[in-house]
Amino acid sequence: MARDLSAAEGERFEVEDEEVDIEQVVTRGRIVLCALVTEPAGGLEGDLRSTVHSWAESMKMQAEIISGLGDNRPRGLGRSLVTVLGHPLTAESTAAIAARITKTGGNIDRIFRLAKYPVTAVEFAVSGTETEELRTALVTEASALGVDIAVVAAGLHRRAQRLVVMDVDSTLIQDEVIELFAAHAGCEAQVAEVTAAAMRGELDFEQSLHARVALLEGLDASVVHKVREEVRLTPGARTLIRTLKRLGFQVGVVSGGFTQVTDDLKERLGLDFAQANTLEIVDGKLTGRVTGEIVDRAGKARLLRRFAAEAGVPLAQTVAIGDGANDLDMLNAAGLGVAFNAKPVVRQAAHTAVNFPFLDTVLYLLGVTREEVEAADMHVDDAPR
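In terms of the working numbering, the numbers along the sequence shown are unbroken and rise by one, the last being 385.
Source of the hints: derived by calculation from the structure; they are not laboratory data.
Take the hints with a grain of salt, since some may be wrong.
[Said to hold, decoys possible] Straight-line C-alpha distance at most 20 Å; calculated PhoX-like pairs for lysine-lysine: (1) 226 - 266; (2) 266 - 245; (3) 285 - 226.
Full structure from sequences and hints, please.
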């Protein structure tokens, strides 16, 4: 069958062969076009070479023809996607990561830049080594190089992750909500000390919650409105949620904080799910107690499973994001657990860690490029971040 390999302005050549494979890459304004064809019948390989070289010369292009046997060798088993985040991402870091991948027996099939700001994000497609082995090998390298590295198994499930559940305090928002309440009660330092110990995993969360909330006894309920106004979203939070919703994800939050704040965030941000503890209010005053089911470490994992069931999403297709020790069960239960600017114990236990102060960098771990985010944002009135 005659096949055409078309070029600019309608120029083309025809060869009597079968086209087996074709791939084109454009980088920095330079085009690389590769075609794998069967050997021409009747000893016409010389004609093919002559035709290709003449055509390339007329187009001011370079051509190389390599003879071989059979199709490309199949890639090795074990396929992973390695996302590297750096600010900056240096040539030295990239070379060290590539060398480490090679030492594990992996082959880099493709490198693609996902974003150039607010951080540089680059994705390596790797074959020939198992994902867990590769992740283990790169964790130490990432720490030494001062970059973040996420390693996930390649495949359809990566784009199929359809539910994202986040912690709230120091993740979705920059604040610890109970400390905002404590500031109005004049006991901020006491509460902050207990909070820090709990997040490091040094104290039982439920006991620390009751101890901190008790310090709020007698506070006027009007402070709830003030605290809502004081809450500061983490940079990139709106972009992350907006983009996920456009991609068809469902998004929820679970918090060891309070429904008095998370219900407001759910309405403002268009979240699908929200669950937290509830401050008891009687006669317009905080009683220093919480009501209902306590959202603690185990509770967050339980709620992730509940949200997934309600959303009709398998647990393997969920993403969880958090920063504290009470997020660990949730991070480990999710298909992908992301430690966001987390405590050391959380970074070590999570599937991957992001240590940059932009929440929308999580999108790059899902293979979403900055260009895709910005293209979608051209259709809305609000700013990208």
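Status of each hint after checking the structure:
1. Only pairs whose Cα atoms come within 20 Å are accepted, and residue 226 paired with residue 266 is accepted, the gap being roughly 17 Å.
2. Taken as a hint, the residue 266 and residue 245 pair is honoured in the structure, with Cα atoms around 13 Å apart against an allowance of 20 Å.
3. A threshold of 20 Å between alpha carbons decides the hint, and for residue 285 with residue 226 the separation of about 15 Å falls inside it, so the pair holds.
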